[in-house]
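Chemist: What follows is the residue order along each chain.
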Amino acid sequence: MRVRILVSFKDSVLDPQGQTVKNALHTMGYAAVTDVRQGKVFELDLEGTTRKEAEALVPEIARRVLANPIIEKFAWEILKGQ
Amino acid sequence: MRVRILVSFKDSVLDPQGQTVKNALHTMGYAAVTDVRQGKVFELDLEGTTRKEAEALVPEIARRVLANPIIEKFAWEILKGQ
Amino acid sequence: MIDRSLLERHNLTEDEYTLIVELIGKEPNLTELGIFSVMWSEHCGYKSSRVHLKRLPTEGRHVVQGPGENAGVLDIGGGQVIVFKIESHNHPSFIEPYQGAATGVGGILRDIFTMGARPIAVMDSLRFGPPDDPRNRSVMGGVVSGISGYGNAFGVPTVGGEVYFDPCYNLNPLVNVFCLGLADKDKVFYAKAEGAGNKVLYVGAKTGRDGIHGATMASAEFGKDTEHKRPNVQVGDPFKEKLLLEACLEVMDRRLIVGIQDMGAAGLTCSTTEMAAKGGMGIVVDLDKVPQREAGMTPYEILLSESQERMLLVAEPGKVAEVQAIFAKWDLDAPVIGEVVPGGRARITFKGQVVVDIPVDAVVNLCPAYDRPIAAPAPPPPAPALKDLPLPADLGEAFLAVLASPTVADKEWVFRQYDHMVQVNTALLPGADAALLRIKGSKRALAMTLDCNGLYTRLDPRTGARIAVAEACRNLACVGARPIGVTNCLNFGNPEKPEVMGQFEQAVTGLSEACRTFGIPVTGGNVSFYNDTEGLSIHPTPVIGVVGLMEDIGRAVTPGFKAAGDAVVLVGESFEELGGTEYLKTVHGLEAGAPPAIDLEQEKRNQDFLLEAIEARLVRSAHDLSEGGLAVALAESAFHDARKRGCQVDLEGTMRADALLFGESQSRVLVTCRRKDAGRLAKLAASRGVPVRVIGRVGGADLAVTRAGREILRVPVGTAYRAWKDSLPAYFKIRT
Amino acid sequence: MAMKFGVVQFPGSNCDFDTFHVLSEVMKRPTVMLWHKDHDLQGVDCVVLPGGFSYGDYLRSGAIARFSPLMQEVKAFARRGGRVLGICNGFQILLELGLLPGAMLRNKDLKFLCQHVYVRIENDRTDFTRAGTKGQVLRIPIAHFDGNYYAPPRVLRELERREQVVFRYCDAGGEVTEAANVNGSLNAIAGIRNEAGNVLGLMPHPERASERILGSEDGRTVFESLILGLERARPARRPAATRRKARHD
Ligand SMILES: Nc1ncnc2c1ncn2[C@@H]1O[C@H](COP(=O)(O)OP(=O)(O)O)[C@@H](O)[C@H]1O
Ligand SMILES: [Mg+2]
Chain A
0 MRVRILVSFK DSVLDPQGQT VKNALHTMGY AAVTDVRQGK VFELDLEGTT
50 RKEAEALVPE IARRVLANPI IEKFAWEILK GQ
Chain B
0 MRVRILVSFK DSVLDPQGQT VKNALHTMGY AAVTDVRQGK VFELDLEGTT
50 RKEAEALVPE IARRVLANPI IEKFAWEILK GQ
Chain C
0 MIDRSLLERH NLTEDEYTLI VELIGKEPNL TELGIFSVMW SEHCGYKSSR
50 VHLKRLPTEG RHVVQGPGEN AGVLDIGGGQ VIVFKIESHN HPSFIEPYQG
100 AATGVGGILR DIFTMGARPI AVMDSLRFGP PDDPRNRSVM GGVVSGISGY
150 GNAFGVPTVG GEVYFDPCYN LNPLVNVFCL GLADKDKVFY AKAEGAGNKV
200 LYVGAKTGRD GIHGATMASA EFGKDTEHKR PNVQVGDPFK EKLLLEACLE
250 VMDRRLIVGI QDMGAAGLTC STTEMAAKGG MGIVVDLDKV PQREAGMTPY
300 EILLSESQER MLLVAEPGKV AEVQAIFAKW DLDAPVIGEV VPGGRARITF
350 KGQVVVDIPV DAVVNLCPAY DRPIAAPAPP PPAPALKDLP LPADLGEAFL
400 AVLASPTVAD KEWVFRQYDH MVQVNTALLP GADAALLRIK GSKRALAMTL
450 DCNGLYTRLD PRTGARIAVA EACRNLACVG ARPIGVTNCL NFGNPEKPEV
500 MGQFEQAVTG LSEACRTFGI PVTGGNVSFY NDTEGLSIHP TPVIGVVGLM
550 EDIGRAVTPG FKAAGDAVVL VGESFEELGG TEYLKTVHGL EAGAPPAIDL
600 EQEKRNQDFL LEAIEARLVR SAHDLSEGGL AVALAESAFH DARKRGCQVD
650 LEGTMRADAL LFGESQSRVL VTCRRKDAGR LAKLAASRGV PVRVIGRVGG
700 ADLAVTRAGR EILRVPVGTA YRAWKDSLPA YFKIRT
Chain D
0 MAMKFGVVQF PGSNCDFDTF HVLSEVMKRP TVMLWHKDHD LQGVDCVVLP
50 GGFSYGDYLR SGAIARFSPL MQEVKAFARR GGRVLGICNG FQILLELGLL
100 PGAMLRNKDL KFLCQHVYVR IENDRTDFTR AGTKGQVLRI PIAHFDGNYY
150 APPRVLRELE RREQVVFRYC DAGGEVTEAA NVNGSLNAIA GIRNEAGNVL
200 GLMPHPERAS ERILGSEDGR TVFESLILGL ERARPARRPA ATRRKARHD
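Protein chains in written order, with numbering that gives the first Met the number 0: chain A, 0 to 81; chain B, 0 to 81; chain C, 0 to 735; chain D, 0 to 248.
Chain A extracted, bound-state conformation:
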């Protein structure tokens, strides 16, 4: 099955990249853009893993490896596979 994990800074944490992109978009004339947050996305292929197993495995991997729980939060979803 394929899962997607989105990792981004907690809302309270400064996001210099997002801010810089926002400013750039403004100077380029995209005034409608009022805020930008930048994060990471991971797509993992899991073999021989049931949905139930994934529900334990994916958050564990996200917490231990993909995200830094001190400053980042994550969300995940199953893209395909039962």
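Accuracy of the hints is not assured; some may be wrong.
Here are the simulated EDC-like pairs of lysine to aspartate or glutamate, each with C-alpha atoms no more than 20 Å apart in a straight line [as the list claims (entries may be wrong)]:
id: 1; chain 1: A; residue 1: LYS79; chain 2: A; residue 2: GLU42
id: 2; chain 1: C; residue 1: LYS643; chain 2: D; residue 2: ASP170
id: 3; chain 1: B; residue 1: LYS79; chain 2: A; residue 2: GLU76
id: 4; chain 1: C; residue 1: LYS288; chain 2: C; residue 2: GLU338
id: 5; chain 1: C; residue 1: LYS442; chain 2: D; residue 2: GLU24
Hints in this document: simulated from the structure, not taken from any laboratory.
Based on these hints, arrange chains B, C and D with the ligands on the given structure of chain A.
Modeler: Coordinates of chains B, C and D with the ligands only, in the frame set by chain A:
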């Protein structure tokens, strides 16, 4: 309205980050993970933008700024707001 | 409303609270209490260290500004000054290694450019637990990329440093960052708010709920519950810092401001009250004008936030527009948030209400100083009498083990992640005994190094501190530079423990003794107490940074062997000492014994001789003997040159072979010179009361050592090189 | 008449002063700083995009800088045949701008790399290498995180066919080896030129290898080549800089 843009490497481009994460996961014993792709995610807040306008604006911003078409592809969705 | 638990959460004692009430003539409100708690924290107030630091020598002919300002200032001639300091970021780097180290770099950079100096060099002194533990590796990996991520983007070269490994740093790594800046003598700025009616401007990043109580956290023991105490970790923005640098230097260059102060620990609170106190003025601030990143921040949060990349400026009303225009050029806002007023009080308003009204003097200058109880430091574990210490069957094996020990092994894995060449000044890259930077438009050069062997200081704080200063100066002498100033970062345990205070008192004694012998002033530094996690204290680790000046960069000397046939000369005397050595630690698993003895007067003579010999062009290479002793010094001298020449050395004496090879007797330097110059070198040494001996010659493919003709060591340079070179990277290889 | 260089300053550039120093103090050529918000190229003969971290390298290296007002002028200048040299971040900006083909990925081992490397001159018939010779090995430092050059197969073939590859990573002996290709670039590419030949981008820093005191003078070859080409045409004294052949240790 809030939109989410996912930027990831084209399949033809070997993604060193994703490979490294995969290797790290294997050494940690997560054998079920057969592939990892890493990309970027952007969440933009748009003010006073109709869905119709967004459908023109967001791909333009993604193509011009957020993604490098030589190595990257993008997908986007509306998270909230009509 | 202010009860015990509230005081505890603010790390204030009841006596301190009583004193506060007395000083401000009222019960402080919560915000005012918060202000005192950070300004009177160990980190900002130097409560436990002040009485001892007074003993350090601070006078010297180069000194323009000693301790007390953001950084020390030394006159290097040619109308220029250098501004330098070292800072610790230990606790934040343990909580979040990348951001902790990155913001550590950001903080010290601001300390330097807030004085009008452009940072031209950074060095980092790092301490971790052994790298075979993956947790230590991830801390180290994070710290190194954090320093690299921030320093490289900002555009300052990281030109040197040191990395040590010991289990005592498992849960309490040390991350000390040194920065040196260059400025025109007539353009140095101070953190002074002068002139009633002058405007107070806020520049840089918006204020968020970042690192609130970082300063007090850095002043409290670590424990399992740090999780909960954990402040909102600060994320560094090196890009914004670079914009700040250019904008600040531009307004200072055009003399548009009266005073300037960075917002470091204790952020807005510290900068406003300190600037007012230093200027002998008062200050009014309207918090509603402070740019805020998050909604609904309280005055308490705004004042104590430690958001990075922020500065406070004071400018005459007539100059404000010009200042703001320059910041706008660099895409930065510079709103006026307050004004300098007479009367020595800080009056801070929020939504029209006065939320703080206190005398700045009380906050800044009247923090109590404690002469804490002192106990003799715990005696070192006794080393077995040398006669009971087995001599390794194979000294070659022992040699390779010492070369591969993480503390001795090559550090390129670390420093090649640092841009150490940007600004095109770095004449001696990492790998030499000291970094050497040319001063553009002159023949002169600046040399710098960081040193401390924490094991020595653990075994004998006073001797260890003396050795740290001596080794640092020796590193400078090896490249041909004279020391002109010292900064230091004193990393210790919990000062409320008498034996920790004992270590501190001893180390400061050793430090000031050594500085006096070398005639170098201490121009500033930093104290990091409470390096205890779960009750365990780190080795007392007084990291010493010494800066040196070289009149003619053309004379600079490197450690590498230069030509086959050159004479190998050992400067200084060797004793049968193995206590505290890297050899004892790696080969025998002992952190024990007394560290090597040091005679400061002899050390000084040896260094002066070396400098004189280099001046006279008698020296082709020089490398100091430190961890791993003579054997490692020979190896590193062979490794440093691309041709990897070996050497053949013959030693005399009846000393044990392992002490001969790996002993760390002090004041020694390995020198090579042309055969024909050996006589002159020896004559000069004799006339200066310096023991030197020609011990062999450069050449061959092996590192070979005989004693009275009998071979005690023979290892191919290539084999030794791989052991030394591959050790650190091997720990970090990701297996596929 | 001596040629005039212009060094572009972006927010976050940090080799701008270094490049200015080498061009004006070492190469002794009139040099001006060009501000990214301006539209005026001040009549320079060669525009240099310096190294650094324009806009923090946030988003992607060079991705934001390419939109600055001055870059639209630089684009037109290049189209008119003006010489444009992009060093490190400057190279990345030229890629993002489309003045040069391809893109940069993270270094293969995902680490920032600062070290001296060897690069081989693959083509000495360019405005940027004519002072050197084909096959000559230069020792020049690199300092980058995103120097892993990538281009789609077809583009790569064209680059090679048109001899647009100007520098390749190699070992001290001039051999192109896996180990010498420290960042993992396709075909060990360290520098390329555009089809017309007036635009060059390279990851190594020639300005860091232009003074003996800094350990190498090999980088001067690039600047000397530009000077040679642009001043030869004119009634001028032979530039001092070009009297000596580029040397290396
Ligand atoms: N963390 C670091 N950052 C940069 N350079 C380092 C670091 N650690 C060690 N180095 C460099 O490696 C070389 C060897 O360091 P060290 O063994 O401490 O030298 P010494 O023992 O002569 O003081 C020095 O040039 C030093 O600057
Ligand atoms: Mg050392």
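Chemist: Compare the structure with each hint and give your call.
Modeler: Now for the hints, and whether the structure bears them out:
1. LYS79(A) <-> GLU42(A): Given pair LYS79(A), GLU42(A) holds - Cα atoms ~11 Å apart, limit 20 Å.
2. LYS643(C) <-> ASP170(D): holds, 17 Å
3. LYS79(B) <-> GLU76(A): Holds, because 18 Å separates the two Cα atoms, which is no more than 20 Å.
4. LYS288(C) <-> GLU338(C): holds, 12 Å
5. LYS442(C) <-> GLU24(D): Holds, at about 15 Å.
When the structure is compared with the earlier hints, no violation turns up for any of them.
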